[in-house]
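Student: Residue numbers (numbering that gives the first Met the number 0), protein chains in the order written: chain A, 0 to 321; chain B, 0 to 321.
Hints are computed from structural coordinates only; laboratory data are not their basis. Any given hint could turn out to be false.
As the list claims (entries may be wrong) - Derived Cβ-Cβ restraints for the label pairs, each shown as a range:
{"#": "1", "chain 1": "A", "residue 1": "Tyr163", "chain 2": "B", "residue 2": "Arg10", "range": "29 to 35 Å"}
{"#": "2", "chain 1": "A", "residue 1": "Asn66", "chain 2": "B", "residue 2": "Ala20", "range": "44 to 50 Å"}
{"#": "3", "chain 1": "B", "residue 1": "Ile177", "chain 2": "A", "residue 2": "Ser7", "range": "53 to 59 Å"}
{"#": "4", "chain 1": "B", "residue 1": "Gln3", "chain 2": "A", "residue 2": "Glu116", "range": "44 to 50 Å"}
{"#": "5", "chain 1": "A", "residue 1": "Gln244", "chain 2": "B", "residue 2": "Ile177", "range": "26 to 32 Å"}
{"#": "6", "chain 1": "A", "residue 1": "Asn193", "chain 2": "B", "residue 2": "Val6", "range": "31 to 37 Å"}
{"#": "7", "chain 1": "B", "residue 1": "Ala20", "chain 2": "A", "residue 2": "Trp109", "range": "58 to 64 Å"}
What the hints assert, rightly or not - Away from chain B, derived, C-beta distances all over 12 Å, residues of chain A:
{"#": "8", "residue": "Val6"}
{"#": "9", "residue": "Ser62"}
{"#": "10", "residue": "Glu69"}
{"#": "11", "residue": "Ala70"}
{"#": "12", "residue": "His94"}
{"#": "13", "residue": "Gly105"}
{"#": "14", "residue": "Ala117"}
{"#": "15", "residue": "Tyr126"}
{"#": "16", "residue": "Arg167"}
{"#": "17", "residue": "Ala169"}
{"#": "18", "residue": "Glu174"}
{"#": "19", "residue": "Leu187"}
{"#": "20", "residue": "Ala241"}
What the hints assert, rightly or not - So the derived list for chain A, only partly shown, Cβ under 10 Å to chain B, looks like this:
{"#": "21", "residue": "Val15"}
{"#": "22", "residue": "Thr17"}
{"#": "23", "residue": "Glu27"}
{"#": "24", "residue": "Glu31"}
{"#": "25", "residue": "Met71"}
{"#": "26", "residue": "Val72"}
{"#": "27", "residue": "Asn74"}
{"#": "28", "residue": "Leu197"}
{"#": "29", "residue": "Gln259"}
{"#": "30", "residue": "Gln263"}
{"#": "31", "residue": "Arg279"}
{"#": "32", "residue": "Ala298"}
{"#": "33", "residue": "Cys299"}
This structure is a prediction, so every number in the text was calculated from the model and none was measured. Built from N, CA and C at the ideal position, the CB exists for glycine as well.
Protein chains: 2
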Amino acid sequence: MPDQDAVSQIRAREAVLTKPAGSLGRLEELAEWFGSWRPLCLDQADICIFAGNHGVLAQGVSSWPANVTEAMVRNFLSHGAAINQLARNADARLHVVTVGNLVASGDFTWDVALSSEAFLEAVSTGYNAVPAGCDLLALGEMGVGNTTAAAALSAAFFGEDGAYWAGRGAGLDDEGVIRKAQAIDRALSLHGRNHAPLELARIYGGWELAALLGATLAARHRRIPVMLDGFVVTAAVAPLAALHQEGLAHTRLAHNSHEQGHRQLASRLGFVPLMDLNLRLGEGTGAALAIPLVRAALACHNGMARFSDAAFADENERKTMK
Amino acid sequence: MPDQDAVSQIRAREAVLTKPAGSLGRLEELAEWFGSWRPLCLDQADICIFAGNHGVLAQGVSSWPANVTEAMVRNFLSHGAAINQLARNADARLHVVTVGNLVASGDFTWDVALSSEAFLEAVSTGYNAVPAGCDLLALGEMGVGNTTAAAALSAAFFGEDGAYWAGRGAGLDDEGVIRKAQAIDRALSLHGRNHAPLELARIYGGWELAALLGATLAARHRRIPVMLDGFVVTAAVAPLAALHQEGLAHTRLAHNSHEQGHRQLASRLGFVPLMDLNLRLGEGTGAALAIPLVRAALACHNGMARFSDAAFADENERKTMK
Numbered sequence: 000m001p002d003q004d005a006v007s008q009i010r011a012r013e014a015v016l017t018k019p020a021g022s023l024g025r026l027e028e029l030a031e032w033f034g035s036w037r038p039l040c041l042d043q044a045d046i047c048i049f050a051g052n053h054g055v056l057a058q059g060v061s062s063w064p065a066n067v068t069e070a071m072v073r074n075f076l077s078h079g080a081a082i083n084q085l086a087r088n089a090d091a092r093l094h095v096v097t098v099g100n101l102v103a104s105g106d107f108t109w110d111v112a113l114s115s116e117a118f119l120e121a122v123s124t125g126y127n128a129v130p131a132g133c134d135l136l137a138l139g140e141m142g143v144g145n146t147t148a149a150a151a152l153s154a155a156f157f158g159e160d161g162a163y164w165a166g167r168g169a170g171l172d173d174e175g176v177i178r179k180a181q182a183i184d185r186a187l188s189l190h191g192r193n194h195a196p197l198e199l200a201r202i203y204g205g206w207e208l209a210a211l212l213g214a215t216l217a218a219r220h221r222r223i224p225v226m227l228d229g230f231v232v233t234a235a236v237a238p239l240a241a242l243h244q245e246g247l248a249h250t251r252l253a254h255n256s257h258e259q260g261h262r263q264l265a266s267r268l269g270f271v272p273l274m275d276l277n278l279r280l281g282e283g284t285g286a287a288l289a290i291p292l293v294r295a296a297l298a299c300h301n302g303m304a305r306f307s308d309a310a311f312a313d314e315n316e317r318k319t320m321k
Numbered sequence: 000m001p002d003q004d005a006v007s008q009i010r011a012r013e014a015v016l017t018k019p020a021g022s023l024g025r026l027e028e029l030a031e032w033f034g035s036w037r038p039l040c041l042d043q044a045d046i047c048i049f050a051g052n053h054g055v056l057a058q059g060v061s062s063w064p065a066n067v068t069e070a071m072v073r074n075f076l077s078h079g080a081a082i083n084q085l086a087r088n089a090d091a092r093l094h095v096v097t098v099g100n101l102v103a104s105g106d107f108t109w110d111v112a113l114s115s116e117a118f119l120e121a122v123s124t125g126y127n128a129v130p131a132g133c134d135l136l137a138l139g140e141m142g143v144g145n146t147t148a149a150a151a152l153s154a155a156f157f158g159e160d161g162a163y164w165a166g167r168g169a170g171l172d173d174e175g176v177i178r179k180a181q182a183i184d185r186a187l188s189l190h191g192r193n194h195a196p197l198e199l200a201r202i203y204g205g206w207e208l209a210a211l212l213g214a215t216l217a218a219r220h221r222r223i224p225v226m227l228d229g230f231v232v233t234a235a236v237a238p239l240a241a242l243h244q245e246g247l248a249h250t251r252l253a254h255n256s257h258e259q260g261h262r263q264l265a266s267r268l269g270f271v272p273l274m275d276l277n278l279r280l281g282e283g284t285g286a287a288l289a290i291p292l293v294r295a296a297l298a299c300h301n302g303m304a305r306f307s308d309a310a311f312a313d314e315n316e317r318k319t320m321k
């Protein structure tokens, strides 16, 4: 649970820093959040991308073929993707983890996405992927078809139908979006919503979504703050909120994705995204962009002078400013 | 004017980078904007803070006394302010320029803010303050009372009354906001709105606002992209938009300030802020936070692989992805 003593200390210091109270807005919130989990020192930021493939792709729910997942993993490993540039820009380490050997999960329109064994294997892969020494974990994903899984999972947890949650993903046309919504509706008819949170994750999720769940749980146990990315990452960790009211308290949502459904999902989980840059790429790109914001928040909290410090030491000013 | 050939080249490259077209949203816009003014290389980012004092303070429009401007300048010089931490975090140089020797401008409720000579002196100070080698200029300000000047200037350019534009500034209470709105209304009654843009800047602005205008003009002449900060900076450069339809094309608005009036002012100038973090500090803090976003945009555009590059070289994938 968040360390309330640390929060009190942080608030007390914020109140005497050389600025009008509250004037750093969400930076102050970020410092308080980070400090409620660990000391206010961000030496090592890690970005973990989990990659997996999806059986539901057979339903024509993506404009890209499954082999693009593997091609993008190669692209990550040869430093050619957007996230590679953003990781360097944020002075963060990038880790790429393939889940389920990139074999497609089950097609949840007529099967479950993962067997119980496969689900636990994927969760464990994620759980063990959080690097040693990590002070801030940013999460990303790659998996052709995974916005369909995210939409189905959102529908399973929060109601509404396929059309409500299905968006264009990586560039689907209008007919594709209809196919996607219908695939989700078929899955909901088949499996229903009346299952335990982890069971919903297993039925409707997929390899990399289960790994994201595991990584977020590991971070909680190790008191590592987590920066969430877009629709898929947010949907993947939703089961933790269903399991415990404070299950996502160690996470923040980096941005509002352009992908339909993300804004609603964020709202239902109580997240207020830090940014809204019309991103819809995944890979952890939004989360990576938020790392400099966390660094900025900590730098201000730790580095700013207090009103009692030198520049304000003139007695008259002290009186008038306090 | 923006270099349209450069824009075409940037768009052509964006189209073949390894991501769905348009999926980097506003980062793509930022790269295009930056590249329309200078090569896509951000070696040196400079933050210029202009500081000045305001005669209108005599009308009880701020909760802080005038000597806080000087104290904050000392704080900047001793690295104790928020902007010092954010400049370091953004790997930017920080420059602090006092304007008008921190002597208060005229009180525009019964006088003009600046004489013609003082106005030109302040503009020139700003014009000459833009550092050599600057690739991106972030603007900030410090001046107790300057949100009153910004509000008056906004009212002069865009209509509406004092109550519409007057906010809490650095922490004004309800009565203070009413005093502030009334002071603006008195000034509008006295001077009116029917003046040339530079004359409005001279009457309602002040030392640091005129310097911000000068710096933004210098940046235009030297093709340096400018990142604007909050309400005061935005109001200070509004005359350039009134002088020429494309007068602010080399600028972008870093964030939406929590200060009342900024959202409306941004909208009337056609800006869509990059961030909304509830900041209301000034100093260029919002602009500084946007510098990593510009670096990120350029890093993606310059560093990403194309679909024809190695990771995607398999002929089958090339065919299916193009």
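Student: So, against the hints stated earlier in the document, which numbers end up violated here?
Tutor: Those not satisfied are hints 2, 3, 4, 5, 6, 7, 9, 10, 11, 16, 17, 21, 24, 28, 29 and 30.
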